[in-house]
Structure formats: C-alpha cells, structure tokens
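Asker: Chains as they are written, first to last, in the numbering used here: chain Z, 22 to 304; chain P, 22 to 304; chain R, 22 to 304; chain F, 22 to 304.
Incorrect hints may appear among the rest.
Pairs count within a copy or across copies, as identical chains cannot be separated in the list.
To be verified - Here are the simulated lysine to aspartate or glutamate pairs, DMTMM-like style, with alpha carbons at most 25 Å apart:
1) Lys41 - Glu250
2) Lys300 - Asp265
3) Lys203 - Glu231
4) Lys108 - Asp265
5) Lys130 - Glu105
6) Lys300 - Glu64
7) Lys36 - Asp276
In case anyone wonders, no lab produced these hints; they're calculated from the structure.
Listed below, chain by chain, are the residues.
Number of protein chains: 4
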Amino acid sequence: MNNIAILLLSCKDKKGLVYKITKLIYELNGNIIDLDEHVDPIETMFFVRAAWSFDENLTNKNYIKELFSVLANEFSASWEINFEDEKQNVAIFVSKYDHCLNEILWRNKLNEFNIKISLIISNHTDLRTLAENYQIQFYHFKTNQNNKNKIEQIEINLLNENNIDVIVLARYMQILSPDFVKEFPNKIINIHHSFLPAFVGGNPYKQAYERGVKIIGATSHFVTNELDEGPIIEQDIIRITHNDSLKDLIIKGRDLERLVLARALLLQSQNRILVYGKKTIVF
Amino acid sequence: MNNIAILLLSCKDKKGLVYKITKLIYELNGNIIDLDEHVDPIETMFFVRAAWSFDENLTNKNYIKELFSVLANEFSASWEINFEDEKQNVAIFVSKYDHCLNEILWRNKLNEFNIKISLIISNHTDLRTLAENYQIQFYHFKTNQNNKNKIEQIEINLLNENNIDVIVLARYMQILSPDFVKEFPNKIINIHHSFLPAFVGGNPYKQAYERGVKIIGATSHFVTNELDEGPIIEQDIIRITHNDSLKDLIIKGRDLERLVLARALLLQSQNRILVYGKKTIVF
Amino acid sequence: MNNIAILLLSCKDKKGLVYKITKLIYELNGNIIDLDEHVDPIETMFFVRAAWSFDENLTNKNYIKELFSVLANEFSASWEINFEDEKQNVAIFVSKYDHCLNEILWRNKLNEFNIKISLIISNHTDLRTLAENYQIQFYHFKTNQNNKNKIEQIEINLLNENNIDVIVLARYMQILSPDFVKEFPNKIINIHHSFLPAFVGGNPYKQAYERGVKIIGATSHFVTNELDEGPIIEQDIIRITHNDSLKDLIIKGRDLERLVLARALLLQSQNRILVYGKKTIVF
Amino acid sequence: MNNIAILLLSCKDKKGLVYKITKLIYELNGNIIDLDEHVDPIETMFFVRAAWSFDENLTNKNYIKELFSVLANEFSASWEINFEDEKQNVAIFVSKYDHCLNEILWRNKLNEFNIKISLIISNHTDLRTLAENYQIQFYHFKTNQNNKNKIEQIEINLLNENNIDVIVLARYMQILSPDFVKEFPNKIINIHHSFLPAFVGGNPYKQAYERGVKIIGATSHFVTNELDEGPIIEQDIIRITHNDSLKDLIIKGRDLERLVLARALLLQSQNRILVYGKKTIVF
C-alpha cells in the first residue's frame, strides 16, 4: 500500500537541518522522490519541501506525524505533513463570471488537481447549472449591507462542517470581512485581474486601458485583510496593442485569470507553497 | 535615386481619409510598401502610418511635404513626413550604468537603427571610454543642486546646436526639469526599470523584491513632467522566483532594460510611434 | 442599418493599388475602420485587408461585390469580401479528447467568435454529451480501413448541404484523404501538438520528452495533403523542465493546443488570414 | 575563510541517498544553502545538486573530496565537487560574428559568471580587437581541408596546457571532428540558431523563413558527434510575423542566440547541469 508524504517546513536556518529531516525519513523507511530547499540569506530562514514514498503497511501515518512533531519542536519550526491519498477539500466562491469556475471544474474532472471540490458558494444563482453539471453542491446566499455579517457566519459554519481546507475565490465580487479572513489564514486563494501591484482595486482593465500599457496581467494571491496585498502565488501576462479595446482586454484577460488561478490551485494541491511574511516560497 | 517617405498623421476620423492620402501618394508617383491605419472608436480619431518608395529624380522631397501640408491642413491633422535617407539625430544621456548605452552603441554599429548618434551627455565620467571606443563625442556636466538650471540650459543649447531630434535617457539618474522637458515634447525616451505603473519612483527592484512579485518588468516611455507617467512605448517582463535575491533582480532586470529601450529606439527610428494623450499608437 | 465589409485581396504589386481600393470604398460611402497592407519585396506581391462600415440602406452588398469584382479583375487579384452580419459556418471534427472542443464551444457561447457552429462530426461517441450541452448537432461515423472513402463522401455531402465554410479539426485523430482535402482548400484548420516543423507525425510529446527539449509547442495550420506541412496560422510554446514527465507534457500541452486553436479560429472568423504558397499573412 | 562547495551527483536511486549525503555534509561542518534533487521514475535514477558553505580553516578541500569519493563509490555514482573560489577556466571559439562573444565578455566583466576566460580561438581575425579590448589572449588558426586535423591537435594541446574546463562555441562556423569532441565530453557548449530539433544544419533562419513559422528560436546544447543532437541546456523563442524579412529574422535571432548562450554558460558556471543520456537535468 504505497503512499506519498509531503513535508513543508520552515524555521531559522542552522547546520544539520536537511540531514536531520532526511535521516528521519530514512528511519521511517521512506524513499525521497522530490526534495527542494531554500535559505533566505537575509532573514537566515530555512524552507524545505520533501516528498517521499512509503509503505503504509510498514509505517503508520500518525507515527510519521508524531516523529516530525518532535523534530519540528526541536527546530521551533512551522510545519505540516500531507499525504497524497488525503485530498485537500476545496470550496469555491463565485459570483456571475463562469470562466474561472468552468476552468477549475473541467481540469478537476480530468484529475489535474489532487483535490476534492465539496461545495460552491455564490451571491448569485447564475452558475448553479454549471455546478450541477459537475454534480457539485451549490449554495446561494443573497448578501446585502445589512446581512453581510450574518451570512458570513453561516458560510463559516458551512465551511467548517464540511472540513474545508482551501477556499478559492473564482472572481467572487465581494470583499470578505476580517472576521472571515482570520478563520482561514493563507488558505483563501484569490485571482486579481491585474499585474499586482499595478491597478489594485476595482476595474483594473479600465485602469490599464486608460494608462495605455502594452502588457496586461493577472495575479493569484492569498487573501489577507489588506486589499490586493496578500502573498503572491503566481502571475502571468499577455501582450496588448493600441488595437485592443477595453472589451478586448477583458476577453484576453479572462484567459489569463483562469490559467493563473488554475496554476495557483495546482501548486496548492501539490503542497508546494510556503508563506513567509508577505511572500511565498513556491517549490 | 530611390528613397522612402514615411508619413505619420492623426486627425478626427471621417470618410475618405485613406483614399485622399493614397491618392496623393499615387499622384506623387509613390509605391506604397507599408500602410497601417487605426481608428479609435471612442475618440473617433484616425491614425495612419504610410511608407512609400519614390524616385527623387522625379519627385522632390519639398514638393511632397508641400502637398501633404495642404492635405493635412484640410484634415486639421497633426502630421510629419520623414525620409529614409535623413537619419534621426540622437543624443544619449547616461550616468554610471553601461548596459543600456553599450547595447545601443553595439546595435547601431551593426546598423540596426537608421539613426545618427551625435553625442553622449553624462553627469559622470565613467562611460567616457565606452563612448570613445565608438568614436562618439562625450560631454561631462557635473550637476548639483545649485547649478542644475544653468547646466540644463547649456545642455539645451548643445542639443539645439547639434539639431538633435531624439534624446534617449539610458539609465540617466537625474530628473529633468519641466523647462527642459517642454523643449522636447514626445522626443525624450526613458527606460524605467519596472513594469509601470507598478513601482514608480526610486528603487523599483527593491520594491519588487519586498512585495514578492513573481515577474519583474521594464518600461520605455516618453518623458513628461509627471514622473513615470509619460506615454508608454514598449514593455517587457521576466519571470523570477523566491531564489532570486535583490542582486539577481538587478542582473535579470538589466537584460530587460537594454532590450526594451533598444526596441523603443528602433520603433522611434522607424517612425512607428504616434502619441495621443497619454497613450501611444505603435504601428 | 450599419454593417461592416471586410476585403481580403492579393495580387502582383504595383503603384496605386491602395489608392484604387480606398477610392472605391469611398465611392461606396464606406468609412474605413481598419486597413493593413503588406508587400512581399521578394515575391513583389501585394496583400491587403480592409474593413469598412457602411449603411446597407444606402449601399447594397451585391453592388459592393460587383464593383470589387471589376477592380480585382483589373488587378488579376485573388480576393474575397465578407460581411460582419454573415457569420462563417463552422463544422468541428473531433475524436475522444474534449479540451479543444470544450474551449471552442465555451468561447463561442461568450460570443468571442463571429461564427455559427452548425455541426460536430466524430469517429467516436465520447463527446456527444458535450455537443448536446451546447445544443449542437452531433454526427457519429464509425470509420475503418474499408469504409473510409465512403464515409468521407457522406461527410462531404453533409458539409456541403449545411453550407459549411470552415472545418476545424479539434484533435481529430484521422488523416483526411486528398479527395476530402481538395474539396476545402485553405478552409480546414488543424491543431498539431508540437512546435512545427519539430516533431511531425505521431506522438510528438513522446518525441519531445525523449529529445529532452526545454520548451514544447503547438501549431495551428491549414490542412494540405502533405502531413503537418500546411500553411501555419499560429504557434505558441510553454517552458518545461526535467521535472516534467511525459504525462506533464501532455497536460501542459493541452493548454497550448486549445489556446492556439482558439486563436487560429478567431483570426479566421475575423477574416484576417491570407494564404500565399506555403505561408500565411495574418493581419 | 568561508568557501562554498557544490556537489553534482547521479546514481541509481535507492533509499537513504539524501540522508547519507547531507549527513556527510553535516559531519564536514557544512551549512547547506541550496539543495535540489530529482528522481527519474522511469530510469529510477537519482540526481542531486547540493551547495554548502564551510570554513576552510576547519575543513580541508581535499578531505571533502576524499570522503565524497568513498561515498560515491558506495553508490556507484558519477559525481564532481567544485568550489566557489576555483573559477572554471573557459576558452571561447569564434568565427566572424561578434554578438555572442561581445555578450559573454561584457557579462563577464560585470562578474555575472564565476569563470575565468583564458583564451579565444578563431579561424578568422575579425574579432581580435574585441578580444584585446577585454585583454584576453586571441589565437588565430587558419583552417582548410588539408590542415584541419593538425590544427585541431594544436588547439587541443593549447586547451590542455591552459587547463581549460569549458569550451564555448560562440557562433563558431566549423564542425569539430570526433577526435576533438571526445577530448571534452559534455564540456563543449554550442549555440544553434534554431529551436531544435526544428531546422538542424545550415541556414536555419532561411529554413524558418521559407517554412513560414510564427516563432523562431535558439538552442544551447553540449556538443556530441551527432550534429545538433547533443543534450539541450537551454532554449528560447521570439515571435515573428509575415512582416519580418529573412534579414529581420537574423537580427531578432541574434538577440536570442546571445541570451540563450549566456544563460547556458551561467548555468554551467554555477555547476547546475547534469547530463544523463541525451538529456540534461538543470537544477
């Protein structure tokens, strides 16, 4: 019964870290299939991602976690271990645009992500049919100024009841409150339709059109309570010319948005992202 | 004696513009080799670049200009005509970094640009040898808070005496005063070492490093009196990762800077750029 | 009743071509909104695309065609005129892979293409449901060695009865016979999953994997009777590393395939492609 | 006295490899600053690059090499260790084109590479001045059909006397004989001016122009005795259109050539390349 364990760990750098980690993997009968390590020389911080295969009949998952807990404690490290057979549980928030949702659902059907999409939450009903075509539970919560806090609390409960690990904002046109965000630190992935930090806030394509840039972009980042300021996971760009109208920018941009968001979700689903301060280390 | 004429013209759009322009070219015995036209549907503005070959023994340059002057008057158009055998006269401003200057001089030696580089002006002496290797006149003006206006006036005189058409700021680390800029409207090309409008002002690589972006850029634009706000000519980007230190960003960025600035100068030297408001039309 | 006419024309280059074309457009009360012209200096061939708006109440479509027929005759030109309100009629051929079909149908629903998709033909039944979700007629023809000619004749009849203008091979895993191809010259658009001319023929991702390239590509081209040798419309690439398995190449590649094929179809639907010999001019 | 050691090692994969390697680094008082590992699941081969800092007063370089020799022996591994303070010794072969040589010399002056360029060899004298501007020894060997073997033997002797580690063919227009190549296995870096395996052999830009591709490329690879078939180190591409003449392709292509070759040399100078069969693993 082969399985794969993936360790993400960060701590203050010192000698012997990789040695002690790989020693433990060796003692746990693991065969490393991928190991990547980064040292930030300014912060003298150590970051590592190690993936190893092991036989679950010989080595118990909880035992692996226990031993790494001891080691991480010794290093005063932040860490997590995930197993390939335990898919991350994902909720997707949407409004009216279908391109990002469609992309994620289609890719997931082709097994590009190692995730389970448990539910879709929307403040509109437009994408109910799309959700149902893929047999995923769709929840509609009509929000307004007065009920926002109450709705968010219902959503938090729903997410927790379903043991959601990751929330994807697939062009969700509402700003989440600090109370919501603090429940899911570095677990909410957003797509912003500009090359951040250019064109923060609303209508970035209009801003880009008016500024006359020659390239537009899209940025996927974790959500924090500073608007469009969270740690960036992935960005990409596309070239435009004076021939492109604002409508053309929106059309070209939505190709970027769905590809960049899909790549960010892929990285997350493969446990490749470590957050440190306002930055990500993407292995 | 074959020559090529290049028309750049913009005016309010109406029926018959291309017809009347190409009729005149035909009557002037020209053979169009390249024609590109753009209509801005929001501003209802018309932009055109037409290049045609003609025999100077049969058609006089001044006669061409005269007839187009009449037509442009009829259209209330902004316009210019340039001839391939009259090279644009370029001055380059530099400080200490050599990469942009080196790139331009090397490309010019290989005849990539149809320009004449008449002089190099610097507030430092570091690049004198490089200028001299390419046999180009090098002027050093040491500037400080007190003499800035006076030095700029000397520079303006020097540029005018040499009939300079285009000024290239090849990582020139001084901000030109409004009095200087207004002497050369849409004729001063700058390279900014970021993907504008992200990271305006000083130390853009440091800003990019601290923000944790996954892509850095460079932007070439015409200089106006609003810092880093002039019409953008060309931009490009390069991917970075958490492995890249601030020093790596600077090294990768200088490749971008020199390529983007060289492309902007190429476009300018081929008379491909029209400015309208804060934007460029690049044919 | 505003409409837009789009002329594509090519002929031997000589003086006055643009003038005579734009004169006619002017006399037909057209307002040019886009004009692009190219002269091949080696072949001395002239290529033009002109788009103009006109009022159908004032100018009759057939009258436009008649007058241009006379002019094209004078130039000994190849030419066609299309009108924006007459959508190109498209048939899509597929086998089992859904990514290209899904992409085209989704984009078409969002009105990115100015086309009508009339029917989908397949040698398998896998994509019937997808076709039906978008309410498009799906035809299944089971082909084998013995019935290939007969089936192709049925398909040709079906395409002609439906007045199909353009055929898109969206990862159709059959080679069309010369008899089929000659019925639709420069009207069959294929996507090949490599950066042509690298890796022609079968299994290009396997070929790329074994060669150890650092970049893979996709190529959309018109089909001729030389395999993978038709005029190229559009290409794009994506970077890979030693970490990418053959399966990763296939996953990354299918993103390319659907984007490149969609771009080629967009160019075709906007009447931007002229074929000359083995090459395309894409305006 | 801080130094950095860099290990490149490959062997058949098995459990405990990273553990045993990092254990030894730990016992040698090294602090790992970069570690990257790859397992080829089809070949079950293990590849690793580890860089660590150490104090030369405490740990002797030869001692490091001795202990790793024992370990590599145990693994039946191919391996090498290099030290940051021992620069790779480079010879550059050129003919008449200056762009690649100019790029490498300029970057090296800015310390982008951790190398020593000891000599330049050419079958022409055109680039002697450029070599001398950078104070590098220039050797001219006029070759013809009759003296090729003799000249190559002189060159081999010259390279060996100068303890050359790496040979860069910077658009060297001669094909090296098998006898020459076998002296420097995986140590001769070439730049080919196409996107290999497209357009092998002579005149790739002409081939690309005639085929009508929309993208051109350049490829840097190690030289083997099969023309343009050696392990690929780095590739890049640039977009072209029908507007680009063959001359434009050459101009655009030389930008690619110099950047791709420079990147390959950078990777080599940082000991980031492992060769396995016809492929490279680039860490």
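Asker: Would you mind marking each hint as holding or not holding in the structure?
Answerer: Hints versus structure:
{"no.": "1", "hint": "Lys41 - Glu250", "result": "neither (36 Å within a copy, 42 Å between copies)"}
{"no.": "2", "hint": "Lys300 - Asp265", "result": "between (33 Å within a copy, 13 Å between copies)"}
{"no.": "3", "hint": "Lys203 - Glu231", "result": "between (35 Å within a copy, 23 Å between copies)"}
{"no.": "4", "hint": "Lys108 - Asp265", "result": "between (41 Å within a copy, 22 Å between copies)"}
{"no.": "5", "hint": "Lys130 - Glu105", "result": "within (18 Å within a copy, 37 Å between copies)"}
{"no.": "6", "hint": "Lys300 - Glu64", "result": "within (12 Å within a copy, 36 Å between copies)"}
{"no.": "7", "hint": "Lys36 - Asp276", "result": "neither (45 Å within a copy, 36 Å between copies)"}
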